[in-house]
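Q: Put chain Z on the given structure of chain F with help from the hints.
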Amino acid sequence: MTVATTWKQKLSGHIREDWAREIDVFETQIELRKMGKIEEKLFAETRLRRGTYGQRYDNGQRHDGEKTQTLRYPLAELTKGPVTMWDAPGMQRIKIPFGKLSADQLDALAELAEEYSDQILHVTTRQDIQLHFIHIEDTPDIMRRLAAVGITTREACGNSVRNVTACPYAGVCNTETFDVTPYANAITFFLLGHPDAQDFGRKFKIAFSGCKDQPCGLTNFHDMGAIAKTRVVNGEVKRGFEYYVGGGLGAVPYPAALFDEFLPEEELLPMTQAVCRVFARLGERDNRARARIKFLVKKLGLEEFKRLVLEERQKLRTDERWISFLNDLHVTDEKPLRPAGVLGSGPFPAGFEAWKKTNVLPQSQKGYSTAKVTLPLGDFTPQQARTLADMARQFTGDSMRTTVEQNLLYRWVSDADLPAFYAELAKVGLGAAGADQITDVTSCPGTDTCKLGISSSRGLATELSKQLSVIADQLPEDAKGLHIKCSGCSNSCGQHHIADMGFLGVSRNVNGRRVPHFQLVIGGQMKNNAATYGLAIGAIPSKHVPKAVKTLTERFIKEKKHSEDFQAFVTRIGKKEIRKLVDELNVIPTYEQDPSYYSDWGDPREYTIGDLGVGECAGEVVPLVQVGLAGSEREVFEAQLLLEEGNNQGASERALSAMVQAAQALTREKNAYLGEGSDEIVSEFRKHYYDTKLFFDPFSGGKFAHYFFRAYEHRGDPASKDGAHQLIEEAQLFVEAAHQCYTRIAGALP
Amino acid sequence: MLSERFQLKIYLEPSQQFELEALVPVFHRFIREQALKELVIDVVDYGHVPNGPGVVLIGHAGDYYVGSLDGRLGLVYSRKRANPAAEARLEDGLRRAINFARLLEQDSALKLRFRTNELSLRLTDRLRAPNDDAAFAEVQSEVTALFSRVYGGSVSVERIAEERGPLGIAIKTSAVPSLEALLEKLGGPPSD
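Protein sequences appear in the order of chains F and Z. Sequence positions in the first sequence follow the numbering used here and run 1 to 750. Sequence positions in the second sequence follow the numbering used here and run 1 to 192.
Just chain F, with the same shape it has in the complex (with noise of 0.2 angstroms):
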């Protein structure tokens, strides 16, 4: 007879004390919740702690298609958080630090996909790991078998020190000035749970990178970013890192800041605790969509912002975590498993001279390369990821890395290994070639589960994936190399402004009906470690997008000069002209003559935005409204022109112009003397659409409206590049809110 105990029991002894505790607190707090004695607010940020998210539906809503239908949860008065059901599945998000994963690891997590997920292990684009469809009451036994593995899930999501990503080739690359794994690390556990680190008023993500100017580590949007650099003092060589702050996706991107060119390795942790401090201390708590550090950095300025981290620096009780890993900086060493070795002259396996030409990479050390595992969509399953363990251990020893690009690098692969390896690979249809390449698009979860998503980055991913797959082989090089990138809404989790083509979702009105769309952004660059965000040129309706793709790719490969690469053609062609082909696209059939452009990716169900939960208003359909809002967007693209132009004060003003516009448009509907002047038509604006909360956004809130009554407040500042490029993220995000706004005011339409 099987005796069957708890997982508590059954792991007790294999988990680090403190972890254990902390586990054993959250199953706590879940029976507490249960028992109506945990606030449901305070709970939220509890489990968001620990990695444990919601979901699309949570709410107990979902659109069929036709209508609205009620979700009936066995639990239905208990709640996890805000209009959150408890018996609603969630994602439970696993750090994984750097990305670096042990055979063990891989089998542990693939067991928890299997037994308590929907049989999918899914890789983010920070390098974590996600298990989707999870039942709130079997996360603390996720936790626990875990932890048994050495993976916590603690700070996973919530206001706090995010997963610390590197660059998954760190230690074996070529470029690379010195390894930063065993950086990434001290900081990963000395920040985790720290108490300097608990009390932000939204995330913070760090990232590491061994070069300036590879794309990897993509440092340039990260709240704090590191970049390796030596320097000569008093004959000795020095590591230190480029320290940067403030940088961040999100809606509006910024590029960060450059906070010291050379911080000596013994001062990364404590100056970035002294950051945190800083951050904690004063960034915004009261309006979310205003409290990463980037809004703080810009808020002070760089030198105030420098100043006060560095007289908090001073103030610092010296802690020996410091600099004690400084005595091992060999600690995150890998050993090979195998012996170098020579590629032999074959014969080798079908597949493999595709496979290795673009997943194969030649380490710095000799005899060695490292190989990538194209996971499609970042998604694999137990089974697969059973026999990726099993190769771990047959060929390289635990020292696979996750990437933001939702793959899986092996490192040390014996080049004698590479024909035996890729042979297993294909074995379980992980043999794809095409890592990271124009076929291999990222995506964040969209509509497919997440509960921000507005149309289906995913559905769109695989369709372009499928599409571009067939003509892949036809292209030339640098048309293989382009980097495609979807976000289901402007949040950016699909890092769609580091494209070259990025994506995000938008919704639109056409013929009375919502069609999804997505936003083309164009301009975006991953080398430098994501030095360019690229801007959105117009939006395209989701069912021509693959159409445009393969337009833009055509001219590409048509009309380059000799080296340009996709952001020098696109700079000189200007996006004037790619402006011409997203107006070309946006014609669409009536629905009568062809639903399917109703329809998202992926969806067969009637497009809908419903299932983001926004509220109902009456009004009538004008379309005055439309001409408005079109005019507004219109604005907002000639902005883009005057910036390319180096107009910064000429674009800045058209983007406020652009806001204007749309506030003009949206506001006659509740006032029909509305005059011209923008003075009114901003007091008008604040009083019908934001006193009444009318232009909220169920999850954004008046962030939108905000955007523009600040630009309205700083119109006539001096603008500087960066800045121009704010307000034109910012006029695009409002426009789009006047849009969705619109559209509720239409009231006929989810």
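If you are wondering where the hints come from, they were derived from the structure by calculation, not from laboratory data. Computed from a predicted structure; not experimentally measured. Be a bit skeptical, because a hint or two may be false.
[Unchecked claim] Listed below are the simulated SDA-like cross-link pairs for lysine to any residue, each with C-alpha atoms no more than 20 angstroms apart in a straight line:
(1) Lys8/F with Ala22/Z
(2) Lys527/F with Ser324/F
(3) Lys37/Z with Ala76/F
(4) Lys8/F with Lys37/Z
(5) Lys37/Z with Asp213/F
(6) Lys229/F with Glu267/F
(7) Lys721/F with Leu302/F
(8) Lys10/F with Asp132/Z
(9) Lys8/F with Ala82/Z
(10) Lys37/Z with Leu302/F
(11) Lys299/F with Lys703/F
(12) Lys466/F with Ala22/Z
A: Just chain Z now, with coordinates in the frame of chain F:
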């Protein structure tokens, strides 16, 4: 059966050719029309994952997959929550799986056919049913008894050799009853 979680798989006739994608609108329709009396929540398409779960109808107490996780195309009913009581769990799961298979067969556009005389059971609950001889011995008699009673004829119950997977059991029956007959024997479609 002590295992609170398990997956029962009914295989499709191997000769069938169809696109998994075709199931997506069907599963959405099942939700819209409340074709199942239990709470079903959403549809997920994992058709892009080789040998993956395929298309999934996510439910509260159990999920339904049509995919090829073990390399063969079939329908998996995956029980996630503990109820009903241990002694009724397996039969309840079989009833739900058979009912769902019958709904799929009834969809004239899909033209799916299941083979009823071969199933597999995976106990996805390593705490209560580790993949070892003792756990297999414990569940073997229960599986044999249930399938003998419902199917009639002889029943073969063998352990699937998969070292690090969950405890897996292959079930073969000499009788090949229709899904309708099986469902009737099991008491008809589940009422909740």
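Q: Has the given pair, Lys10/F with Asp132/Z, been kept, meaning a C-alpha gap of at most 20 angstroms?
A: holds, 16 angstroms
Q: Could you grab the alpha-carbon distance between Lys8/F and Ala82/Z and see if it respects the 20 angstroms cut-off?
A: Given that 20 angstroms is the threshold and the Cα spacing comes to 18 angstroms, the pair holds.
Q: Within a Cα-Cα threshold of 20 angstroms, do Lys466/F and Ala22/Z meet the stated pairing?
A: holds, 16 angstroms
Q: Take the C-alpha atoms of Lys229/F and Glu267/F, compute the straight-line distance between them, and say whether it is at most 20 angstroms.
A: Judged against 20 angstroms, a Cα distance of about 13 angstroms means the pair holds.
Q: Run the distance test for Lys8/F versus Ala22/Z: straight-line Cα separation, threshold 20 angstroms.
A: violated, 43 angstroms
Q: Decide if the proposed pair is consistent with the structure: Lys299/F and Lys703/F, CA atoms, cutoff 20 angstroms inclusive.
A: With a Cα-Cα distance of about 17 angstroms, the restraint between Lys299/F and Lys703/F holds, given a limit of 20 angstroms.
Q: Quickly compare the C-alpha distance for Lys37/Z and Leu302/F to 20 angstroms and report which way the hint goes.
A: violated, 60 angstroms
Q: Could you grab the alpha-carbon distance between Lys721/F and Leu302/F and see if it respects the 20 angstroms cut-off?
A: holds, 16 angstroms
Q: Hey, Lys37/Z versus Asp213/F, does the alpha-carbon distance stay inside 20 angstroms?
A: Given that 20 angstroms is the threshold and the Cα spacing comes to 57 angstroms, the pair is violated.
Q: When you check the alpha-carbon spacing of Lys37/Z and Ala76/F, does it fall within 20 angstroms?
A: holds, 17 angstroms
Q: Against the 20 angstroms threshold, does the CA-CA distance of Lys527/F and Ser324/F hold or violate the hint?
A: Distance ~33 angstroms between Lys527/F and Ser324/F Cα, so the pair is violated.
Q: Would the pair Lys8/F and Lys37/Z pass a check requiring their Cα atoms to be no farther apart than 20 angstroms?
A: violated, 35 angstroms
In this structure, the earlier hints numbered 1, 2, 4, 5 and 10 are contradicted, and the remaining ones agree with it.
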